[in-house]
Amino acid sequence: MSAVAKADRIAAGRLEPMAYAGNFADLHPPLSRHEAVVEAERCYFCYDAPCMTACPTAIDIPLFIRQIAGGQPVAAARTIFDQNILGGMCARVCPTETLCEQACVREAAEGKPVRIGLLQRHATDAQMATGRQPYQRAAASGRQVAVVGAGPAGLACAHRLALLGHAVTIFEARPKPGGLNEYGIAAYKTVDDFAAREVAFILGIGGITIETGRALGEGLDLAELRQRFDAVFLGVGLGAVNGLAIPGEDLAGVQDAVDYIAQLRQAENLASLPVGRQVVVIGGGMTAIDVAVQAKLLGAETVTLVYRRGPAEMNASRYEQELAQTKGVLIRHWARPARLVGEAGAVKAALFERTRLEAGQLTGTGETFELSADMVFKAVGQRFAAPALDGVALAHGRIAVDGERRTSLAGVWAGGDCVAGGQDLTVVAVEDGKRAAMSIHHQLQR
Amino acid sequence: MADLRSEFVGIKSPNPFWLASAPPTDKAYNVTRAFEQGWGGVVWKTLGLDPTIVNVNGPRYGALHGSDRRLLGFNNIELITDRPLQVNLDEIKAVKRAWPDRALVVSLMVPCEEACWSEILRQVEDTGADGVELNFGCPHGMSERGMGSAVGQVPDYIEMVARWCKQATRMPVIVKLTPNITDIRYPARAAKRGGADAVSLINTVSSIIAVDLDRMAPVPTVDGKGSHGGYCGPAVKPIALNMVAEIARDPETAGLPISGIGGITVWRDAAEFMALGAANVQVCTAAMAYGFKIVKEMIAGLELWLDEKGLERPAQIVGRAVPNVTDWQYLNLNYIAKARIDQSLCIQCGRCHIACEDTSHQAITAMKDGKRHFEVIDAECVGCNLCVSVCPVEDCITMAALPAGALDARTGQIVQPDYANWTTHPNNPQRVAAE
Ligand SMILES: Cc1cc2nc3c(=O)[nH]c(=O)nc-3n(C[C@H](O)[C@H](O)[C@H](O)COP(=O)(O)OP(=O)(O)OC[C@H]3O[C@@H](n4cnc5c(N)ncnc54)[C@H](O)[C@@H]3O)c2cc1C
Ligand SMILES: Cc1cc2nc3c(=O)[nH]c(=O)nc-3n(C[C@H](O)[C@H](O)[C@H](O)COP(=O)(O)O)c2cc1C
Ligand code: SF4
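Protein chains in written order, with my numbering: chain E, 1 to 446; chain H, 447 to 881.
Hints listed in this document are in silico derivations from the structure and should not be mistaken for laboratory results.
Errors might be hidden in some of the hints.
Said to hold, decoys possible - Just some of the chain E residues that point at chain H, by a computed CB distance under 7 Å: (1) Y44; (2) Y47; (3) V105; (4) A395.
Said to hold, decoys possible - Away from chain H, derived, C-beta distances all over 10 Å, residues of chain E: (5) G22; (6) V38; (7) E41; (8) R42; (9) D48; (10) P50; (11) R106; (12) K112; (13) L118; (14) M128; (15) Y135; (16) E353; (17) E370; (18) V392; (19) A393; (20) H442.
In this text the structure is predicted, and so the values were computed from the model without any measurement.
Even for Gly, the Cβ is constructed at its ideal location relative to N, Cα and C.
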């Protein structure tokens with residue numbers, strides 16, 4: 001009996017085959033043309049608009065919205081892409097509730113911001129549907145730039161450099177470009193293979209070659225790149241994940257959330273992906289929310305997300321927390337993992353200790369509770385795993401850069417999650433890549 | 447509760463809301479549905495002589511949309527009724543018999559010959575209708591045939607036809623005016639001289655509502671070509687209000703009853719027309735856009751507002767704003783106002799700042815102590831009301847008058863208590879000595 005039960009504890013195909021498509025459909029379906037115009041007309045076209053200031057890539061939001069209202073979403077897309085070539089992905093994944101839409105004056109006025117994210121998607125979708133390229137490259141400069149990592153930071157950097165006439169080679173460790181857009185973002189935020197389509201759109205400008213399966217530190221080193229190229233941009237993201245450092249972490253059924261999501265994103269058929277019946281997620285960020293929601297959508301019976309502090313301290317926005325709750329995830333606060341309990345080498349429960357703040361310090365109260373679990377996801381943050389970097393200076397464990405995203409090494413720039421001082425958001429990575437490209441361009445012109 | 451019963455040139459109706467002569471009043475079927483919803487009266491779609499006119503068989507209408515495709519302006523190239531005269535007359539008679547308490551006025555347009563007018567008037571009289579409205583307004587199609595606005599633009603013709611009609615019938619005669627003229631007082635005076643009992647206005651404004659950039663032709667496009675049409679709906683209300691007021695305050699037409707038309711959509715529009723001198727109102731576009739039920743909002747709204755004002759009948763407000771319509775030269779130049787921004791309502795959109803900064807008087811800050819902050823600089827504010835007009839929040843920016851004795855920071859002058867206008871201003875070369 002126990003064998004049968006155990007075999008069933010982690011299983012694929014928990015749902016009717018038809019149910020997967022519905023569960024993993026677009027979280028926010030696109031606006032129709034009419035809906036987009038109506039929404040666009042709500043924009044007040046503010047002076048020195050707060051939303052623009054709030055956007056890390058400084059998209060001229062009032063202008064692109066006015067272009068949608070004027071019946072020209074393709075012109076609107078140009079305004080967006082001028083600042084953010086990954087405007088299509090950002091429209092889908094940006095936590096707008098803490099960025100542009102939080103700053104919208106209609107949020108202040110009536111709690112109903114203009115739905116900037118959806119309008120941005122409307123415009124960028126319209127451009128991509130034309131199948132045309134909005135940009136023409138400048139005359140070839142004869143300069144060569146190496147970009148390491150084909151995530152949002154690397155792609156944004158490469159596109160801007162190609163636009164300015166430079167030749168770019170991207171070295172990417174994984175088999176597919178896109179970075180976390182391809183391997184990390186929740187499936188229901190980027191349906192229909194959007195990440196790959198966007199990469200194709202970006203590369204469509206020309207002048208960019210991608211070499212996949214080429215990892216810095218594995219037969220490719222920075223010193224060599226610095227020699228062969230006029231400039232190097234590092235956009236390698238965060239390679240490592242934090243551990244829990246508690247007993248039982250190596251039991252079967254205990255997994256890194258990021259790895260599991262990557263499997264999910266790459267799965268040909270979601271029904272083939274095993275998921276637990278009772279799932280426990282440890283962490284409080286976007287990754288924790290995403291793995292919890294997706295486990296639930298795959299058919300887990302219960303998903304409990306446990307975070308050591310309160311709702312306000314969670315890295316996931318209030319909106320993301322509510323999304324998880326609506327999808328049936330139970331969120332428990334003020335408890336930290338103490339031990340994972342196993343049976344025959346597989347996890348069967350997680351023991352938590354309640355916590356509280358004492359004089360600003362998080363402390364355990366000694367009181368514990370146990371949650372049955374056949375799958376436990378670790379989502380307590382990622383770390384920068386420095387490949388051999390030729391002595392690039394670090395700060396707070398990530399690469400140190402200045403305002404132009406220059407590293408301590410001459411001719412080497414960096415951006416995205418791998419640099420210190422960022423926010424671990426797609427849009428911030430794009431801005432880093434763009435700034436670095438402008439800085440590289442100025443340098444190359446000297 | 448206020449009593450909305452209305453009497454206009456002797457024609458009684460349960461309320462002052464009539465449907466204007468147009469498609470909503472083209473047939474017994476429509477008019478019956480309108481009466482069922484509560485309309486006080488109708489002006490039947492304009493009748494002409496047989497053989498009937500023919501309409502285009504392609505699109506007749508075009509629209510100007512506001513946000514969410516709200517109909518702001520409407521344009522048509524339709525002509526007068528395209529049904530045989532006798533059919534209309536029979537229906538008019540039947541409807542009047544079925545709805546004796548409602549006003550039923552018949553709109554007419556026939557060639558400029560006395561016999562034509564006396565003949566059709568005799569036929570209309572037989573129906574028992576309450577009165578006639580002479581359509582001197584239609585700006586398209588009919589005007590090319592010497593009728594409609596072709597008559598309405600020549601005061602002498604108006605006078606002549608009005609006189610023929612008054613001689614030929616005992617029914618009240620209302621003359622409907624075209625706005626497609628420079629000074630509306632001339633046709634109104636002519637109507638009065640001809641003996642008309644009242645004027646109604648406005649008919650539609652000549653217009654091209656849009657251009658189809660693919661076909662390179664005006665909208666509505668009939669087989670690749672378009673023609674100018676008649677413009678109506680909310681967009682024409684300001685034009686109509688001014689014309690009504692001009693007639694109401696002209697000494698030569700003072701006391702001539704006015705039926706106000708043009709863009710009336712809700713009760714407040716109607717009340718505004720009445721305040722400027724219209725004794726009743728007529729509606730077309732709003733009914734065509736939303737159906738006949740809109741009259742319920744108009745009736746309830748006017749009643750409630752009159753109750754709140756402690757008034758009993760709409761007649762008590764008719765013309766009440768007319769004495770306050772004056773010429774620019776008599777406006778008090780000693781009246782000084784400044785914009786005031788209510789910081790508790792401000793949502794920081796910055797529209798007031800950029801409007802004033804880019805296009806006016808640089809009188810609103812964008813920043814204070816390093817923070818986004820919008821505040822009026824009295825030393826620059828000329829009190830123009832632009833910021834009030836562009837602010838998306840109602841009542842956030844208001845204009846406050848400076849009391850006499852206060853300092854106007856812009857001019858450095860003390861606000862004077864007395865009234866002084868342009869006629870006596872030192873900068874006026876034609877000034878008259880102030881007494
Ligand atoms: C599960 C999850 C969900 C997220 N959801 C959101 C969201 O909804 N919204 C949002 O804004 N952000 C989200 N983020 C964050 C966002 O994905 C990142 O901030 C963003 O992808 C950072 O871009 P990047 O280019 O710096 O790094 P990455 O996207 O990580 O790309 C780095 C690339 O470099 C490659 N690489 C790494 N090492 C080497 C090497 N040595 N040699 C060559 N190539 C290498 C990697 O394979 C990868 O392709 C999420 C992150 C995770 C993990
Ligand atoms: C489609 C259409 C047809 C019209 N036909 C006539 C007509 O036959 N006779 C007439 O006097 N006015 C006609 N008018 C003008 C209206 O009676 C009215 O004067 C004008 O539309 C302004 O009022 P509104 O803004 O409420 O529509 C017509 C208007 C429209 C829209
Ligand atoms: S009233 Fe006119 S001048 Fe004064 S602040 Fe407003 S826009 Fe500027």
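Quiz item: Which of the stated hints cannot be reconciled with the structure, identified by number in ascending sequence?
Solution: 4, 6, 7, 8, 9, 10 and 11
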